[in-house]
Amino acid sequence: METLLRLWSQHLANLARAAFWLLLAVIVLLQLTGSRGVDRQRAAALGEFERERNSRVIAMIHRQESASLFGVSVADSISIDDSEAVLRAIRHTPPEQPIDIVLHTPGGLVLAADEIVMDANAVLGPVDPQIGDMPAASIVKAVEIKGPRSVSDEVLILADIAQKARVQVASFVVQILLKHMPEKKAVLVATVLSEGRWTHDFPITVQAARQLGLKVSTDMPRIVYDLMELYPQSGGIKPSVWYVPLRRAPAQAGSTGQPSPGPRPDGKSDSAAR
1 METLLRLWSQ HLANLARAAF WLLLAVIVLL QLTGSRGVDR QRAAALGEFE
51 RERNSRVIAM IHRQESASLF GVSVADSISI DDSEAVLRAI RHTPPEQPID
101 IVLHTPGGLV LAADEIVMDA NAVLGPVDPQ IGDMPAASIV KAVEIKGPRS
151 VSDEVLILAD IAQKARVQVA SFVVQILLKH MPEKKAVLVA TVLSEGRWTH
201 DFPITVQAAR QLGLKVSTDM PRIVYDLMEL YPQSGGIKPS VWYVPLRRAP
251 AQAGSTGQPS PGPRPDGKSD SAAR
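Numbering of the sequence shown is given in the working numbering, commencing with residue 1 and proceeding in unit increments.
Quick caveat, the hints were computed from the structure, so don't treat them as lab data. It is possible that part of the hints are untrue.
As the list claims (entries may be wrong) - Keeping only pairs whose Cα atoms sit at most 30 Å apart, straight-line, the calculated DSBU-like set for lysine-lysine is:
| id | residue 1 | residue 2 |
| --- | --- | --- |
| 1 | K164 | K185 |
| 2 | K215 | K179 |
| 3 | K164 | K215 |
| 4 | K146 | K179 |
Unchecked claim - Here are the computed distance ranges between Cβ atoms for each label pair:
| id | residue 1 | residue 2 | range |
| --- | --- | --- | --- |
| 5 | E195 | D226 | 52 to 62 Å |
| 6 | R53 | F20 | 49 to 59 Å |
| 7 | L87 | V26 | 38 to 48 Å |
Using N, Cα and C, we set each Cβ at its ideal position, and we do this for glycine too.
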């Protein structure tokens, strides 16, 4: 009798182990197929975007994405350092075909475009260089205030690098802007954006960008918002603002009604360059 009970307990233990590994395999499979499903949706949205605008669409979207395994969040980020992939996409685009670049990024890149299309609530940022976690302009100013003899050799080296970075960024921005404005205006705008007169997170609104002389439009295609819905912000934090995403009926003849602008519940803003 004791032997029979021992055999049954071993059999149940084997069944429990098999059930555990089967459940684990199912969960991993669901995670893999789920991510592939989102990738297919994103590819379809980009394809629709290209057909609608007859252009090559390059999306550079920087957000933290996460998956949950047994309730444990597994996070990853979308890299924005793959410039080779962007250049490869451009090389594979016929010269006569327009290119739309969709950007949703906290910054870090100095890019150019013929036209900037922003959401009315979106903002740009200055392009003042940062040396490590310190603004280049502040490093130079600190040495100017204290004097070269009152700082360490390390700080002097940082100040030299910071000053070179300021000149390099300003020169690069001038070369970009010369395609769209006279040289004197290009130098002025490049100086404003790169000299460090503001903090690095200073928000440049649509109106401010236009006042600087940048070609900015707020005619954001609706499909860009639809695309961004496929890149949810991770972290498991529920938004504090909720709304029912109802859309108004198309305006009738003689009506002054406007279509819903489609606010987003995560508080983020999108911008696209064309």
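Okay, the hints, checked on the actual structure:
For the hint pairing K164 with K185, the CA-to-CA distance comes to about 22 Å; that is within 30 Å, so the pair holds. Pair hint K215 plus K179 holds up; C-alpha atoms about 12 Å apart against a cutoff of 30 Å. The suggested pairing of K164 with K215 holds, with an alpha-carbon distance near 28 Å, which does not exceed 30 Å. This hinted pair does not check out: K146 and K179 have alpha carbons roughly 40 Å apart, beyond 30 Å.
Between E195 and D226 the Cβ separation comes to about 38 Å, which falls outside the hinted range of 52 to 62 Å. Separated by about 50 Å at the C-beta atoms, R53 and F20 satisfy the suggested range of 49 to 59 Å. Checking the proposed 38 to 48 Å range against L87 and V26 shows it holds: the Cβ atoms sit about 41 Å from each other.
Hint compliance for this structure: hints 4 and 5 are broken, all remaining hints hold.
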